[in-house]
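Using the sequences and the hints, build the whole thing.
Chain residues, written in single-letter form:
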Amino acid sequence: MDITTVLAVISSAAVFLAWFVLPSKGVAAPPAVELPQAGLAQEIAA
Amino acid sequence: MEGPDTLKIDSGDTAWVLASAALVLLMTPALGFFYGGLVRKKNALSTIMHSFFILALISVQWVLWGYSIAFGPDHFHLFGGLEWFGLNGVGLEPNKDYAATIPHQAFMVFQMMFAVITPALITGAFAERKRFKAFVIFTLLWATFIYDPLAHWVWSPNGWLHQLGALDFAGGTVVHISSGVSAIVCALVLGRRLGFGEEKMEPHDTTMVVLGASLLWFGWFGFNAGSALSAGGLATSAFVVTNTASAMGALTWMTMSWWRKKQPSVIGAACGAVAGLVAITPASGYVNVMGSVVIGFGAGVICYAAVHLRERTKVDDALDVFAVHGIGGTFGALATGLFATVSINAAGGNGLFYGNPKQLGIQLVAVAATWVWAGVGTFVILKLVNLFVPLRVDEAEEVQGLDVSQHGEPAYAI
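Going line by line, the protein sequences match chains A and B. Numbers 1367 to 1412, taken from our numbering, label the letters of the first sequence in order. Numbers 9 to 422, taken from our numbering, label the letters of the second sequence in order.
I should point out that these hints are in silico values taken from the structure, not numbers from a laboratory. Just so you know, not all the hints are guaranteed correct.
[Claimed, not checked] Cut-off 30 Å, straight-line C-alpha distance, at most; resulting in silico cross-link-like pairs (DSS-like, lysine-lysine): (1) A/LYS1391 x B/LYS270; (2) A/LYS1391 x B/LYS208; (3) B/LYS322 x B/LYS269; (4) A/LYS1391 x B/LYS50; (5) B/LYS50 x B/LYS366; (6) B/LYS366 x B/LYS269; (7) B/LYS322 x B/LYS50; (8) B/LYS49 x B/LYS366.
This is how it looks when you write it as structure tokens:
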């Protein structure tokens, strides 16, 4: 196995193995943004 | 001297190069969408316009004088003369210096698309604040005085870097380092956007970013595999390593962002794919598939780190052109000096890992020359343009957004 293949195996293994230890839970979503009312919705609100 | 038999047009080669030219053309509007999604809503259309406009501008510049300066008869190993002005003498017969099996005009139009996308890459650095008129003049001067001579240095058989033995299959130095270094100079000369560092400047449409990156990936097959200038084994190899490096770049950048920010970033995956494509560009005709895995990985790590270092400096390279193209291109050019092997391309050379340390030194010279030429030249051009047209829009125009202030057209009606 030449040095290029060795480096390729090491680098791809580093990426693939990292996925086993990286966080699996999602992070809480930021608060919902209240969209500005426009058009008909604005008229109804008024 | 080559005999007349070697100048016979091959229909397969011609079809592939013309199709590749069309693929590379698509990359420029794709870049427009990639950049357009990354900016704020009020600047989406003006950012897309930068790329679309350059497609038209450089298409005309190239057939008038650009191609002649880049590939015309040599002068001092530095630039081509104007003997081929207006494509005079650039006909439908092959040119043995560039491609012996396709019409000279097919080679010319393929190269045109490289000349088009290179200044378009720079636009990401000055997005959201450059005056359109200044951008137009800057682009014309930059293409003529920076890109065209640089292409001659590297790709003309008489260019000094070519004769030195520099390997750049599809534009690591000519396209990516030149645009990346010019981008950071633009960012420094123009200064930061209003509110930079004080307010969030989030991408307004991530779906557009991913669409743009996907089309760039697609078009890059023309960019790299088309650079074989023939439809055969070398084009196939370049195609495979291009796809592999892009994929590895995407996986690596996404993993880095997952590690650092606890979530796998979609924009990160898109940027990683582009970084992998940038880095494999100079190497694509010289390295094997395992080499492309390493290059894609390296691009993901190094370009990701470069973006974060740039953020600490507070330099407003708005869309990180320097980090991805300048650093990615430099890494790719140097990696070519490590991983190149004549088992892929007998016309190339071996790199350090295949017993030829000298190649790495030559690559270093090519990288340094490109950095200096692009950096100094861009600075001079910007200062020159600023004498006649202010580079930046007024504060009020910047606050309003460039879509309306420069073009009178908002991107979205809702």
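Fill in: Index of numbered hints that the structure contradicts, given in increasing order
4, 5, 6 and 8
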